[in-house]
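Chains as they are written, first to last, in our numbering: chain A, 1 to 268; chain B, 269 to 629.
A few of these clues could be false.
Okay, derived cross-link-like pairs now, DMTMM-like style, lysine to aspartate or glutamate, Cα gap no bigger than 20 Å in a straight line [claimed, not checked]:
(1) A:K82 <-> B:D526
(2) A:K82 <-> A:D121
(3) A:K78 <-> B:D526
(4) A:K82 <-> A:D164
(5) A:K82 <-> A:D120
No wet-lab data here; the hints were simulated from the structure.
Note that the structure is predicted; figures quoted are calculated from it, not measured.
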Amino acid sequence: MTRPAPNALRAVSLTLAYDGRTVIDALDLEIPEGRITAIVGPNASGKSTLLRGLARLMRPESGRVTLDGRDIRSFGAKEFAKRVAVLPQQPIAPDGVLVAELVARGRHPHRGWFGGRSSDDDRIVAEVLEATGTTALADRSVSELSGGQRQRVWIAMAMAQRADIVLLDEPTSFLDVSHQLELLDLLTESNRAHGTTVVMVLHELNLAARYADHLVVIDDGRIAAAGEPAEVMTAATIGSAFALDCMVAADPVTGSPMIVPIGRFHRA
Amino acid sequence: MSAGSATVASGPAAEARVAAVASTVATARMRRRRRGTAVVLAVGIVAFAGATASLLLGAAGLTFGDVLSALVGQGSPKSEFVIVRLRLPRITAAIIAGLGLGLGGALFQTTLRNPLASPDILGITGGASLAAVASMLVLGFDGPAVSLAAFAGALIVAALMWGLAWRGGLTGIRFVLVGIGLASIVSGLLGWLITRADVREASEALVWMVGGIGSIGWDELAVSGVTLVVLLGLTAAFSPRMPLLALSDDSARSLGLDATRARAVAIVLGVGLVAAATALAGPVAFVALVAAPIARALVGHGQAALAVSALVGAAIVLVADLVAQHALAGVAVPVGIVTGLIGAPYLLWLIARGNRKGSDG
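Chain B extracted, bound-state conformation (with noise of 0.2 Å):
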């Protein structure tokens, strides 16, 4: 225990004492920083590397140089074909998913403070399959029309729970309890959609039940590819807030932030950075749960992290696709099912270890 009492000296002892004292917190908030700096270049280095082997793998059997030539617009039709009409796509995808579904999580758990708080246990991610699944087999859409109700999907499981689960304000609690609810009736609706469904459609309608970035155009891709840069825009703007929302809603409205209002927002951005994902390459599973808890823990110290959660996101659907494509003997997999098999044990390992305390740092 420390003496405590302080001194109400002042004059030019104390006046050195406290220059001391900033200078050592000035410090202590650079290192802090570089650190945070130094985790954005671990990440992206990681992402990036996933990238460039899942451009230069595969079962074309194409060279370092031909890779190189055909991104430039040199190389061969076969290789232009494959890298450009195939493997680019995939990988784009794979990173405006990942930022999405990285920063759209780190947004709901912070906002909700409750790590279980992601869009994907709540629901978000399944409103989106659902609606694209029912959009296919009840109303015969495809292609873009697909991605559309998917998005229309998650807004619409996002506006329910909103509407359930406000009383006077956001309590993390009510709205994980409400989205848990949701997300059965969601996955319900969508088994009873498939089982009624005949084989061929159901298998069509597969890759919206589990997440996969095959097959996707650069069209989509760029509409998909905008709506992320405006949200993620938003997002930055907005993120000075982050560290008072992670106090309680008393302690932020003291320190001259409207609460309310702000977790609006902040689940708004979620809600819009999740469903953009999700609509392009569908629910890829636990990426939203895991990405911003392992950027906190990467950070350190109990800050938001959001731009590590991005990151992390980006890369953990890179490197599991690399993964789903080439690491299953002869059967290329979506990459939701690879996601999958990493994030079940972490969300059991969550529950188990009752989420009460923090180990980062």
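Pulled out of the complex, with its shape left as it was, chain A reads as follows (with noise of 0.2 Å):
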């Protein structure tokens, strides 16, 4: 594999809108090859929308997106999809469709026009199958599974695309505590087993400082801040883009950055 620029994805002053109204306003932005980046901001900043643009899921109102350089829409369809997987905030499974049957859709862009599968095809689905702790599950329907297994399956057939970027639209939405690190701890055993790029979405903060080795704080469609978690994951930062007062700590297990959010009644 060819090794592309450190930045493999950037965005170049990228403006992205609904119906005319602007949501991400002339924004500059780059991806660290091989690393975990998480943006974080509050609701309606605009980071899921972001997101999309990265995905191409989006049309550009002006600006571009770029890889290795490429303007991503200038790639084909499934030429682009080799190389970047998207998980959508809440995929939609068809009603019946077995575990390994979906994982096996993710082999879709490796697939010539008459979708024949290749030899390797079972293979990369058992690979992500273990590698997601889902094998188990193979033979089950989607529609049966808890929220947490399903959220690992879609994982999987993200995976399975082998893309060496993945965009995830935050994955542990709907998930309790214990399943939010069992899904974070997968996505960076991927980044360090493979050297996947990973950029996801997160909501929690304090997970976000964690696992990501650089995070990008979006306030009102423009970065307010973006670098290594100690850097960005300051009072005043945090405080100005969730118009929260707040102090911050070190993390006792890891020593990362903590957001400590205070509340009305709780002021010095």
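From the two separate chains plus the hints, produce the assembled complex.
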């Protein structure tokens, strides 16, 4: 595999809008290759929209997103899908579809026009089932799984694409805390084992600070701060982006910055 | 709950485990494919049995031998007339209409991800009826010209629906609501046309309102047969995209499918199939609605089951026509009345069940 530029995915004065309403405004962003990037920000700040723009799910009003210096709109649909896998916020599985069958759909970008499967498909499906701990679920129907199991299955499908960049929109929402950790561990493992570039929108600030190498804070369609969590997670930055009174302590487990929010009744 | 945590293990042990899982995955896939083949055979046998019974039964009192010799061109003039001019065209029409409606319905329901989104609920077959009846009553058309008008009517309603429902993409629910609205407009206009027609004309128009496959000539069958074969071929070439269309647009796109274009292609194919079937046989009720859910229940596991849907459609029309011809003592009724009697309760059940949870497999 060729080594592309250190910032594989990059937004250049990217403007994204829904029905003429600008959500992301002339934004420049570099996603470091082979690292885990978390995008955080308050509700309606445009973080999910930004992810959709990076994932080529939205056409920019102006500006562009580049992959290895090339505008992502110039890629063929399958060519792009071999490089970038996307897990949307609430993916829909057809009723009754089996886990192994859904995961195998991740192989679509590697198939020809008539959908013929390659001999590698079964092995790759088996690898990602093993890696996500879903082997035992292979013959179950997706609709009967728990939220945590289902999310691992969707990640298995994205991993079956064998893309070097994976974009995830709030992969931990609706999961309890132990399943959130399980999922973030799984993504970290994929990052460490295969050098996968992971970009995810996260709600939970302290988990973002703990798992991300690179943190991007979005506020009102612009980047409020970007960099290592230790630089970015300051009381001033987070406080102004989230309109929140807070202090920062060291996470007792990892030493990463930890936000402690302060409500109206607990002010000194 | 599983321990869940995957291991970054490598080496021969991990490779052996992956190989074992891969062969399990392959075996399960083969098993599903065998089930699919078995279902195709079973539905094919039902359709074949229906067609055979239609050939043999009837007031002409032909024996099995008479039918066979007529089929190979050695029969008496009477048996040849009954078989080659009456019964065989009828069976062929049932097969063409059933295949077109079953497959068209499956394409619609999967593409719009809604079991109610079938071309007969959405007014597309109704558009064909309206255009056929209008061409007869207002323009004085007859014969193949009426079929052509029916084909055009289906396309016009589909185009209107498209124009009204399109908002930079296709969403299933908007399509369904626009379609149901158009269906009631179409049926209102149809009622108005019938009430202002005289009795003789109105009874001729009736077959275009309920669907029937009697008195269809070989030339008409040839035209719709060729149209159907072309559309079947195009749908087969398109079909590898169906599993992705059953996911959301974002998922399909991220797997490298231009979802908007693919949905458009699937709908155009579905409209073509339904228009071809309806131009031949009229709006045979509910076949497009029920064929695909039956097929999916037989095949299981949330697959689009296109081929089985087409075959189920053909089997339904063949068996329903057998019932329409022979079961009701003394009176032969148009096939659409029988399919309507089967289909309407299914529609009620579908609505009552809230069309939320799947129950196949």
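How the hints compare with the structure:
Between A:K82 and B:D526, the direct Cα distance comes to roughly 14 Å. Compliance with the 20 Å bound is thereby established for this hinted pair. Distance hint between A:K82 and A:D121 is fulfilled; the C-alpha atoms sit about 14 Å from each other, no more than 20 Å. Taking the CA atoms of A:K78 and B:D526, the gap is about 9 Å. The hint holds against a cut of 20 Å. Using a Cα cut-off of 20 Å, the hinted pair A:K82 and A:D164 holds, with the two alpha carbons roughly 8 Å apart.
Simply put, A:K82 and A:D120 have alpha-carbon atoms about 15 Å apart, close enough for the 20 Å limit, and the pair holds.
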